[in-house]
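**Q** For the protein sequence lines, the chains are A and B, in the order given. Counting with our numbering, you get residues 1 to 440 for the letters of the first sequence. Counting with our numbering, you get residues 1 to 440 for the letters of the second sequence.
A hint or two may mislead.
Since the list can't tell identical chains apart, any single copy or any two copies may satisfy a pair.
Below, computed lysine to aspartate or glutamate pairings styled on EDC-like, alpha-carbon distance capped at 20 angstroms [said to hold, decoys possible]: (1) 358 x 345; (2) 63 x 106; (3) 253 x 148; (4) 321 x 254; (5) 358 x 347; (6) 31 x 122; (7) 321 x 277; (8) 63 x 206; (9) 200 x 52.
Quick caveat, the hints were computed from the structure, so don't treat them as lab data. All values reported here derive from a predicted model rather than from experimental measurement.
2 protein chains.
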Amino acid sequence: MHIILLSGGSGQRLWPLSNNVRSKQFIKIFKKEDGTYESMVQRVYRQIRAVDADATVTIATSKSQISALCNQLGSDVAISPEPARRDTFPAISLAVSYLVDVQGVDRNEPVVVCPVDPYVNEDYFEALRNLSDLAAAGAANLSVMGIEPTYPSEKYGYVIPRSKDQVAEVETFREKPDAKTAAEYIARGALWNAGVFAFKASYVLDKAHELMNFTDYDDLAAKYETVKKISFDYAVCEKEPKIQVMRFAGQWKDMGTWNTLTEAMEEPAIGNAVLNDTCSNTNVVNELNLPILCMGCRDMVIAASPEGILVSDKNQSSYIKPYVEQMDQQVMFAEKSWGSFTVLDVENESLTILVTLKPGHHMNYHSHEHRDEVWNIISGSGRTIVDGMEQKVHAGDVITMQAGCRHMILADTELRVIEVQLGRDISVHDKKKYALPAGI
Amino acid sequence: MHIILLSGGSGQRLWPLSNNVRSKQFIKIFKKEDGTYESMVQRVYRQIRAVDADATVTIATSKSQISALCNQLGSDVAISPEPARRDTFPAISLAVSYLVDVQGVDRNEPVVVCPVDPYVNEDYFEALRNLSDLAAAGAANLSVMGIEPTYPSEKYGYVIPRSKDQVAEVETFREKPDAKTAAEYIARGALWNAGVFAFKASYVLDKAHELMNFTDYDDLAAKYETVKKISFDYAVCEKEPKIQVMRFAGQWKDMGTWNTLTEAMEEPAIGNAVLNDTCSNTNVVNELNLPILCMGCRDMVIAASPEGILVSDKNQSSYIKPYVEQMDQQVMFAEKSWGSFTVLDVENESLTILVTLKPGHHMNYHSHEHRDEVWNIISGSGRTIVDGMEQKVHAGDVITMQAGCRHMILADTELRVIEVQLGRDISVHDKKKYALPAGI
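Chain A on its own, in the form it takes in the complex (with noise of 0.2 angstroms):
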């Protein structure tokens, strides 16, 4: 089985463990069999590996987020990085064109498209080898995913299959309705569109070059940004007449708001948190290093990150965004490929962070026009390079960088680094980054 996985943008609704740089499928809040926890990304990665060990996993997100991605699946994982913003049929058509140009799949074959952050179960990527299998055998063009509704969702787009049968034809999608014309369409047998596509590669590969001009996968990349926003719905469903949908009845999670999200939590708590007797239907998700006493609340949710901290009633918590959008959004932490950093101290003219880099791994080599650095080794060892110059570095050695030189720091075993910024204008901006030195 071949898996696109949609990996969509950035955030606001799960302020503030989500925010413009981190989107809610990268929250570790789900328990492991083995006590840790695991992002919605983990989770959806590992189910398909168990379901299928063979599958292809290809992830078409932004660039923003690939260092996430390297940093919570491996540095292995392949991704089809949209070069800008240009809805689903671009994205799709690019990753699709990715699998074929350059992983060599065979064009007949049979591709999944799912989005990366549905909250379910094993039996769910059964379903989706069953309509790899469907798109394979080509009764239809399209194969899409139909979810049993539970209640008129207003939420959800429908499908509106032709029969009660397991498998049927499509006679129509819908966008979302009222709550009303929801009912009347599960009376006739609609089903939730859970975003979930099957087709043939050449399928969507022919209507990527009927809609835009381009030879392969290089040359889409490299003209993607010009290329006209259109979403998968309506640039192929509307306007194929030969779709069939399949019914699936297990679980199947939407969780795109601390409501929901925190119904996938198995415990009250995640972090450094005590919930007293008098608390109910309360959660909390503490990813600072500070304890969190919640007494008497009730149907809350308690969300603290290096961001911010949200106390908010759970109904209300849907209405976040318009809040969010109005806060004054420093990034105060971050997941990188090497490792990731939380801002510690912020001041009109310095700014200081814990830099974590995994064993092996190594930051840009470097360089800031407007501030100096401190580098105070804590723990770890590792190689530092200032201006060429390589040195061996472990906890408790101190390197000083003035502005303009370039620099990078290599970790032999897991490296923590306070980093001391100081000057007037110290901004994420201010970076020239350079060829790696030569023997790294």
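Following the hints, complete the assembly by docking chain B onto the known chain A.
**A** Same frame as chain A, now just chain B:
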């Protein structure tokens, strides 16, 4: 007027803003006319000065509070430090002895003793002056203040007067009763015991010499740890036949719990916080550099400091004590006479703190046996002395100190320093102090 302010012990009830090293009277929560905030002790000190510019104010407190008192009231505040905790009779005796033996107050002058943490207006301090005048007039040996009760509280002791006159003889004192008994007391004209006493200095000194064997202030301070623990109520009030009570009907609030403290807040939030319009009767005190967003919170208090985060129903908040006692209470923030520090990062073998020194101030000259330290100066200018070597420092300078070396830092302007501590056994107890180097 001579006032002795009793500045009581550490507080758990207002966690995370009070803790083992910061008592509730030091939390800056009360808005001044200029828009800044002051603590209870600052408010009381300012109010006394407003009512009686010539009042001498002596603060009876434990050694652990001296730094915070100097930080908040200035270093020329008169403090009578208790060498150990020996309850209120030895504490008041020591402070009166300090007034007479150290400050040269005449033995016949009246002295008023009052707790440092009532939330009151200036009329309360005018009443204290009247109480002082009553003590000077000498119709009774002891004059106490009685608060007109507003409800049959089980939290306070009661003073039962012989008449309903403004000033009356005291018939008896009663410890905290149940609500029914309290109502009976109130029907008989009883008043709340606010812990405010006035007397001639000689009266308490004579009692002190009766009960404790000492010559003068220095001698009592030297043998303080050996004296018996006993309360002023038990040692003096209960045995004294000639006591009068003066009624006080002005505002008097006990700020002992979050529930009562938030009643004194003039606005819903202090610090970086947003409450949406579905919040009601909710207060936020945020001492962190992170935004707090509250949605749909009803009757809640949310308090955040480097020690932790409390999210509590207001009524529930009075049951906080056992939960706080169970917490691992590393001190994350402290006010010192020279400034303050905040813990930024805690690792197995390192601790990173932000140190702020006030202009003209300096820390002790000291060394550590088990840790190296690095000072990253991030703003301001000053001088460091390391093993006797003085050096001018300013933003951008880095000073490294090996375990064992003697060091201190002096601020010429406000100085901010990221201090990185490195070692296996980092502890506040690993500190040896030395006499200041010559010339400091």
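**Q** Take the hints in turn and mark each one as holding or not.
**A** How the hints compare with the structure:
Taking the closest pair of Cα atoms, residue 358 and residue 345 come within 20 angstroms of each other only across two copies (19 angstroms); inside a single copy the shortest separation is 23 angstroms, beyond that limit. Taking the closest pair of Cα atoms, residue 63 and residue 106 never come within 20 angstroms of each other, the shortest separation being 26 angstroms inside a single copy and 80 angstroms across copies. Taking the shortest alpha-carbon separations for residue 253 and residue 148, only the intra-copy value of 12 angstroms comes in at or below 20 angstroms, while the best inter-copy value is 60 angstroms. When the C-alpha separation of residue 321 and residue 254 is checked against a cutoff of 20 angstroms, the pair qualifies only within one copy, where the shortest distance is 17 angstroms, while the shortest distance between copies is 40 angstroms.
When the C-alpha separation of residue 358 and residue 347 is checked against a cutoff of 20 angstroms, the pair qualifies only between copies, where the shortest distance is 16 angstroms, while the shortest distance within a copy is 28 angstroms. Within a single copy, residue 31 and residue 122 get their C-alpha atoms as close as 16 angstroms, which meets the 20 angstroms cut-off; across copies the closest is 57 angstroms, which misses it. In this assembly of identical chains, residue 321 and residue 277 lie within 20 angstroms of each other by CA distance solely across copies; the values are 14 angstroms between and 31 angstroms within a copy. Within a single copy, residue 63 and residue 206 get their C-alpha atoms no closer than 26 angstroms, and across copies no closer than 82 angstroms, so neither meets the 20 angstroms cut-off.
Within a single copy, residue 200 and residue 52 get their C-alpha atoms as close as 19 angstroms, which meets the 20 angstroms cut-off; across copies the closest is 90 angstroms, which misses it.
The structure is inconsistent with the numbered hints 2 and 8, although it conforms to all the rest.
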